[in-house]
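Novice: Here the protein sequences line up with chains G and Z, keeping their order. Numbers 1 to 242, taken from the numbering used here, label the letters of the first sequence in order. Numbers 1 to 219, taken from the numbering used here, label the letters of the second sequence in order.
Label pairs and their computed distance ranges (CB to CB):
hint, chain 1, residue 1, chain 2, residue 2, range
1, G, Arg112, Z, Arg51, 35 to 43 Å
2, G, Thr24, Z, Ser46, 28 to 36 Å
3, Z, Leu50, G, Gln57, 27 to 35 Å
4, Z, Gln59, G, Lys204, 54 to 62 Å
5, G, Ala125, Z, Gln59, 49 to 57 Å
6, G, Gly15, Z, Thr209, 42 to 50 Å
7, Z, Ala53, G, Tyr136, 38 to 46 Å
8, G, Leu110, Z, Phe71, 49 to 57 Å
9, Z, Ala194, G, Lys113, 50 to 58 Å
Covered by chain Z, per the in silico footprint, the following chain G stretches (three or more residues, Cβ under 8 Å):
hint, segment
10, 79-93
11, 99-111
Quick caveat, the hints were computed from the structure, so don't treat them as lab data. All residues carry an ideal CB built from backbone N, CA and C; glycine is no exception.
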Amino acid sequence: MSPIVKLTDVHKYFGTYKVLEGVTFEVPRGGVAAIIGQSGSGKSTALRCINALEAIQGGTIDVCGHAIQDPELNRRALRCDVGMVFQSYNLFPHLTVEQNIMLAPTCVKLMRKPQARDLAHQVLAQVGLAEKAEHYPEQLSGGQQQRVAIARSLAMKPKLMLFDEVTSALDPQLTGEVLKVMEELARGGMTMILVTHEMAFARKVASQVIYMHKGTVWETGSGTMLDSPRTAELRSFVNNGL
Amino acid sequence: MTTSAFSIVHFEFLCWAALWTIGLSAIALVGGSLLGFVIALARISSNKSLRWASSLYIQLVQGTPLLVLLFLLYYGIAVFVGPTIPSIVAAGAGLTIYASGFLAEIWRGCIEAVPKSQWEAAECLALRRSQRMVHVILPQALRIATPPTVGFVVQVVKNTSLASVIGFIELAQAGKLINNSIFEPFTVFVVVAAIYFGICFPLSAWSRTLERTLNVADR
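Pulled out of the complex, with its shape left as it was, chain G reads as follows (with noise of 0.2 Å):
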């Protein structure tokens, strides 16, 4: 299967500071990559390079048949191919959750509003929130945004979708049906890539697990790697999160 998103030696600086040394992976149509890793070790910075957030110093990166690194990127044709999810949801608080999730498909695809409401709703039931269409995102708890989020960026019908620790600042319980509403959509074939410190999702739903490590790709293999890790970083990475 040829792969959905390609990162070659990817080199990424913050002025002097090195945060991508070199870094490379391929994620294929419908898989699921975890990226794990320590703060600092460049994992973030990476899915954001992917959505052409940051810009990159060297290496390549394809994205959906998009080059990230050439300069007559066509950023918006990029992200009508990419979803992504922040960790602090950033939904847009002067709009209702069914505004917020129509205003991508009418301003962008320039899908009448009827039909833009058809689609808010469909994307709403797909995340367990059918009935909150016409709330304010303040009147939602953190769980709840983050799903609207997430159906936000599934109106625009992505080819593949990024999660920024979409569940670090929810507690346990709210992390639960936010991460359900992931793994339905694993299921459902959508290629994924997500930055995450949830070990056990990890393990149970990434046909692929990433670990960063000194913004290089430590060590790569399949969720059971993390049960038996062959580097001693990532031995007491996972020891240290248990």
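We have chain G already, so just place chain Z on it with the hints.
Specialist: Coordinates of chain Z only, in the frame set by chain G:
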């Protein structure tokens, strides 16, 4: 007391002049808002020379006394265009420029106060820059901008009194004219001050209410 004491006729004249104060404030605010909004956008534009030019404009306006600006427009321009321009035109233009310089900077701050993550979320949804601005950033900036903008309106109302120096008959100038004829400065200027207060106090009270109800610090 003499027959020339402060009377209802004088009070009526002051009220009529107060309408000019309000009218001049309205001109300054409408003109200043339109110009100020464009300059605020230029200030955060991706184009470097636009940013530089708008920044220079703001520095010039904020660094020049309004009084000097009014003299320049009323007497200075007349040197080039012949007979003096009407004082309402000079006063309207001067206050518009003054208001635009301050509103541009207030609003730039309000637009930049919308969290960067909101821009990023909108960007990740494939919205173009103008769409991000119109649908995501400006509606939130508006909430943040309302209290300081209303607060600034109070400054504009009070500063219209400077238009008296170029012969525009607004509230302050009307007070001066009455005082010249009846010489009761204390009475006249207490009444003038009270009318200014009557216009400004509701505005500043409203501004404080907005600060509380919009509760922007939490967003």
